[in-house]
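Trainee: Position chain B against the provided structure of chain A, taking the given hints into account.
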Amino acid sequence: MAVIASRDSRFDGVEIFGLFLLSFGRACVNLHALAGAELDHLLAGVEPLSWQHAARFMEALSAIEKRFQNFEPILERIGSEMMNLWYESGPGRSIVKKAIDFLYFQTGSSGYASVARGPAERLGSFTLVSIDPEQGSAVVHSTTPFARSMERGVLIGGLQLASDLVYVDVDNSTDQDVFHISFH
Amino acid sequence: MADHPSQSSITAAEFFESERLAKEASLSGAELTKVFWRIRGLLKEQARQERFWASTNQALDQANRDLEQRSRELKEARAALLTLNQELERRVAEQVEEILSRSQEVEALNTQLQIKVQERSRELAMALSQLARHTQPALKEGDILGERVRIVRLIGRGGMGRVYLGDDLLTGQQVAVKLLLPEAVCGPEELQRFIDEAQYAATVSHPGIVRTLHVDVTDEGTPYQLMEYIRGAPLAKRIGQGPIAAGPAARLIAAVADALAAAHAQGVVHRDLKPSNILLSEQRPAVRLLDFGLSKMVRGETRAMTTQLSMTLAGQLMGTPQYMSPEQIRDSQAVTPATDVYSLGITLYHALAAWPPFSGDDLASLCIAHLTEPPPDIRTRAAAVPDALAALLHRCLAKQAADRPTAEELSCALTVIADELRTPDAAQCAASELRGLALSQDRQEGSSR
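Chains as they are written, first to last, in our numbering: chain A, 595 to 778; chain B, 738 to 1186.
Next comes chain A alone, as it looks inside the complex (with noise of 0.2 angstroms):
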């Protein structure tokens, strides 16, 4: 179960957009999933600007790691309530005007790739691999440094933000890094 710490050195020269941090740090309150002086260490002095270092987010995800014993099902749940708050806070509306919308905005320049930088190798990349709109399902394949339950929420949660779809499933089962997304 120890997804994020063998991940950690996956971080290393990573930096992440504060507006990033932000939003993971209001997730994590809204859900109960962070309190206290972690997130006070999470928040402290993040400008929504600026670039961090990714050291004080991964300690945040070992503090979740810590604190539940099934941590997945609340990494996902985090990444759903981070594109809610992304959508209904930021700029996410006015990009999402249809779920398929999300997808390719995620996977292009503005999405992953404008929430955190560093060396090419530690990045990695949230690629569209495949989309098939009429059988409602697309491949989208990750090497990024984060937790894939956490991208799996990014997922569900981006796809579900429009409203235009009844079902959404996103599942990883079989590969952790291929995501199999299923819509209607």
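There could be a bad hint or two in this list.
FRET-style restraints, in silico, Cβ to Cβ [stated by the list, open to error]:
1. B:753 to A:708: 19 to 29 angstroms
2. B:816 to A:656: 34 to 44 angstroms
3. A:656 to B:802: 16 to 26 angstroms
4. A:606 to B:794: 11 to 21 angstroms
5. A:708 to B:794: 33 to 43 angstroms
6. B:780 to A:724: 52 to 62 angstroms
List time: in silico PhoX-like cross-link candidates among lysine-lysine, alpha-carbon distance up to 25 angstroms [said to hold, decoys possible]:
7. A:691 to B:781
8. B:760 to A:692
9. B:771 to B:760
10. A:691 to B:771
11. B:771 to B:781
12. B:781 to A:692
Facing chain B, from chain A, some residues (calculated, C-beta under 10 angstroms) [said to hold, decoys possible]:
13. 624
14. 627
15. 631
16. 665
Simulated from the structure, these hints should not be mistaken for lab results. C-beta: ideal position from N, C-alpha, C; glycine also.
Mentor: Same frame as chain A, but now just chain B:
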């Protein structure tokens, strides 16, 4: 069949929004597909929610267990602290007790040291006393003392001086003449003090107190004291024959306490109360107290003075520590009327049991017993002593002076007890006790010590 919605067909939106459906309502085609996926979507979302809440509840349960565990640990820690505190308090109490114990040991050692010094001094005093006896000119029959008394004969001799029977040329009465050894008074100041205090004591007027008639100094500088001459015997002599029954003992000591109360009322403390200073007489009043004021002079000075005089009087005072109060042992300056009550209590105990409460092989152990040990219950030595008398007696022997009754209270209480025991009056009691002694000669001899 036509491939179009029948009139009973409903849309997916109607399906989810309707409160109730008609019996003939049906879904088909794209609407059915929408409902299918929406229900699947809701089930998926429900499953995600359930996983989330299961994880959250699990964490909450774990947090509760952690809290309970911490609460238990806190209780255990508190219990351990409580135990530790109790242990610490016990240790402190032990230390305090040990300190107090050592303090008592130190006090006892100091007392032992003082007494040893006095004992060594006494040896010197004995030698000086022997020398003095040989150097003091003895009076003989017919000698005139101070142009007032004609000496009849020697009737007593002690470490402090000699007692003669004499005729008072002024009154024609027989008198007892106590002639002090020269070393009993060290210099002019001590001599004057002796005279002052003896005269002060002579002012105490009570039928139960042997009167001092005159105090003076011979031409050779030897102090002397003229006293009433009483025929009788000291209580010490009677006690030496065996215990006295509770009733008579209470009656006789009540009489002594009454005389003592009169002295205390005039500010005089005897300081040397003991059976040999209580005279039983066939003349009324039957109980008399001797040597008032003399011992006050002897022990009323500074410690250095006391030591010096104790040296001189040591031989005569050998038995006195058996009757000394704790405060008197600690500091001769600290004596009060309560000191006399303690000594009288020891005397009463001695009379009832024919044995004083404290006795030791040496002076030191005797003094330490007075200071620290409770007296043995009188009923273990004299079973017939009534409870009230035993209780009163042990109050007199309280280590703290303030816990003792006054002489007046003691006299009253003893009188009540004697009355309850249907005891005859003091004269009859004294006469009865004297008969037992079968006295045939002057009883005052030896009582002046």
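Trainee: Hint by hint, say whether it matches the structure.
Mentor: Status of each hint after checking the structure:
The hint said 19 to 29 angstroms for the Cβ distance between residue 753 of chain B and residue 708 of chain A, and at roughly 37 angstroms that hint is violated. For residue 816 of chain B and residue 656 of chain A, the hinted distance range of 34 to 44 angstroms is satisfied, since their beta carbons lie about 35 angstroms from each other. Taking the beta carbon of each, residue 656 of chain A and residue 802 of chain B are about 21 angstroms apart, inside 16 to 26 angstroms as hinted. Separated by about 36 angstroms at the C-beta atoms, residue 606 of chain A and residue 794 of chain B break the suggested range of 11 to 21 angstroms.
Distance hint for residue 708 of chain A and residue 794 of chain B: a CB-CB separation of about 36 angstroms, consistent with the stated range 33 to 43 angstroms. Hint check: residue 780 of chain B to residue 724 of chain A, Cβ distance near 26 angstroms, so the stated range 52 to 62 angstroms is violated. At most 25 angstroms may separate the alpha-carbon atoms for a hinted pair to count; residue 691 of chain A and residue 781 of chain B meet this at roughly 23 angstroms. At roughly 36 angstroms between alpha-carbon atoms, residue 760 of chain B and residue 692 of chain A are farther apart than 25 angstroms, so this suggested pair is violated.
Under the criterion of a C-alpha separation no larger than 25 angstroms, the hint pairing residue 771 of chain B with residue 760 of chain B is consistent with the structure, at around 21 angstroms. Of the supplied pair hints, the one linking residue 691 of chain A and residue 771 of chain B holds, its CA atoms being roughly 20 angstroms apart against a limit of 25 angstroms. Between residue 771 of chain B and residue 781 of chain B the CA atoms are separated by roughly 15 angstroms; this keeps the pair inside 25 angstroms, and the hint holds. Distance restraint check for residue 781 of chain B and residue 692 of chain A: the Cα-Cα separation of roughly 20 angstroms lies within the 25 angstroms cut-off, and the hinted pair is therefore satisfied.
A hinted interface residue such as residue 624 of chain A counts as satisfied when its beta carbon comes closer than 10 angstroms to some beta carbon of chain B; here the least separation is about 12 angstroms, so the hint is violated. Interface hint status for residue 627 of chain A: upheld, as the beta-carbon distance to the closest one in chain B is roughly 9 angstroms, under 10 angstroms. Checking residue 631 of chain A against chain B: minimum C-beta separation of about 16 angstroms lies over 10 angstroms; hint violated. About 7 angstroms separates the beta-carbon of residue 665 of chain A from the nearest beta-carbon of chain B, less than 10 angstroms, and the hint is met.
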